[in-house]
Amino acid sequence: AQSVTQLDSQVPVFEEAPVELRCNYSSSVSVYLFWYVQYPNQGLQLLLKYLSGSTLVESINGFEAEFNKSQTSFHLRKPSVHISDTAEYFCAVCPMDSSYKLIFGSGTRLLVRP
Amino acid sequence: GAVVSQHPSWVICKSGTSVKIECRSLDFQATTMFWYRQFPKQSLMLMATSNEGSKATYEQGVEKDKFLINHASLTLSTLTVTSAHPEDSSFYICSYTVDTFGSGTRLTVV
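Taken in sequence, the protein lines are chains A and B.
Just so you know, we're using our numbering here: the first sequence kicks off at 128 and counts up by one.
Just so you know, we're using our numbering here: the second sequence kicks off at 5 and counts up by one.
Mixed in with the good hints, there may be bad ones.
[Said to hold, decoys possible] FRET-style restraints, in silico, Cβ to Cβ:
{"no.": "1", "chain 1": "A", "residue 1": "A128", "chain 2": "B", "residue 2": "T35", "range": "19 to 27 Å"}
{"no.": "2", "chain 1": "A", "residue 1": "D135", "chain 2": "B", "residue 2": "D69", "range": "32 to 40 Å"}
{"no.": "3", "chain 1": "A", "residue 1": "E193", "chain 2": "B", "residue 2": "N74", "range": "37 to 45 Å"}
{"no.": "4", "chain 1": "A", "residue 1": "Q169", "chain 2": "B", "residue 2": "S19", "range": "21 to 29 Å"}
{"no.": "5", "chain 1": "B", "residue 1": "S19", "chain 2": "A", "residue 2": "Q198", "range": "42 to 50 Å"}
{"no.": "6", "chain 1": "A", "residue 1": "D135", "chain 2": "B", "residue 2": "Q33", "range": "36 to 44 Å"}
{"no.": "7", "chain 1": "B", "residue 1": "S13", "chain 2": "A", "residue 2": "L173", "range": "14 to 22 Å"}
{"no.": "8", "chain 1": "B", "residue 1": "S19", "chain 2": "A", "residue 2": "P241", "range": "37 to 45 Å"}
{"no.": "9", "chain 1": "B", "residue 1": "T86", "chain 2": "A", "residue 2": "G180", "range": "41 to 49 Å"}
{"no.": "10", "chain 1": "B", "residue 1": "S19", "chain 2": "A", "residue 2": "S207", "range": "44 to 52 Å"}
{"no.": "11", "chain 1": "B", "residue 1": "T86", "chain 2": "A", "residue 2": "E147", "range": "41 to 49 Å"}
{"no.": "12", "chain 1": "A", "residue 1": "E193", "chain 2": "B", "residue 2": "V7", "range": "29 to 37 Å"}
{"no.": "13", "chain 1": "A", "residue 1": "S207", "chain 2": "B", "residue 2": "D69", "range": "45 to 53 Å"}
Honestly, the hints are just simulated from the structure, not real lab data.
As the structure is a prediction and not an experimental result, all values here were calculated from the model.
Every residue gets a Cβ at the ideal spot worked out from N, C-alpha and C, and that includes glycine.
Using the sequences plus the hints, can you model the full thing?
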């Protein structure tokens, strides 16, 4: 079985400050890792994913996440946030043998203040 | 990229009635569709997997007779919430793959 833990339910941060959203996972099998963003009353948008290769993955809007196998973590970071980054962020894993079934963390609300 | 169109975006219904939610794949053929449910301020939980031309696979604890899933064609999967109750009020989202999600349906049962 797999589980995903996002310890921070809400992270308030000032605009242009750096931010890190934490994600840890537990799995008995190898997994793919994902970060999604959800704006109010909208569906999910894939932010970035780790499938294999370089452990540091980047998105087009400045977010990055690093896969750390020994710590079973996949923390999301951004060096300078904008007001528009305010949203709910979900970390998720997909077992490599499960045909796209996703297991989500509880989510972290990023609140960017001016 | 692949696009999944989900309708309706929101619906309010009375207790005891049924509601159908549709997910259409616009530019590809989907043999499988995943249905997730998200309660307010909570994460998404996989409810079931629909399979074109065969029975859906339900996750543990999900009532098959209450949440009817149909995948009659390669471009359409539907979720019908039967005899809806207020506790079924939730946000329902379909997904084709890990990077293709519908826009979600907000269901409110009054």
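To see whether the hints hold, each was checked on the structure:
Our hint of 19 to 27 Å for A128/A and T35/B holds, since their Cβ atoms are close to 26 Å apart. Distance hint for D135/A and D69/B: a CB-CB separation of about 38 Å, consistent with the stated range 32 to 40 Å. The supplied range of 37 to 45 Å is met by E193/A and N74/B, whose beta-carbon atoms lie about 42 Å from each other. Between Q169/A and S19/B, the C-beta spacing of about 27 Å keeps the proposed range 21 to 29 Å intact.
For S19/B and Q198/A, the hinted distance range of 42 to 50 Å is satisfied, since their beta carbons lie about 47 Å from each other. For D135/A paired with Q33/B, a C-beta distance near 40 Å keeps the hint of 36 to 44 Å intact. Taking the beta carbon of each, S13/B and L173/A are about 20 Å apart, inside 14 to 22 Å as hinted. At roughly 43 Å, the beta carbons of S19/B and P241/A sit within the given window of 37 to 45 Å.
For the pair T86/B and G180/A, the beta carbons lie near 45 Å from each other, so the given range of 41 to 49 Å is met. Restraint check, S19/B to S207/A: a C-beta distance of roughly 48 Å satisfies the suggested window 44 to 52 Å. Restraint check, T86/B to E147/A: a C-beta distance of roughly 44 Å satisfies the suggested window 41 to 49 Å. Restraint check, E193/A to V7/B: a C-beta distance of roughly 30 Å satisfies the suggested window 29 to 37 Å.
Between S207/A and D69/B the CB atoms are about 51 Å apart, so this pair conforms to the stated range of 45 to 53 Å.
The structure agrees with every numbered hint stated previously.
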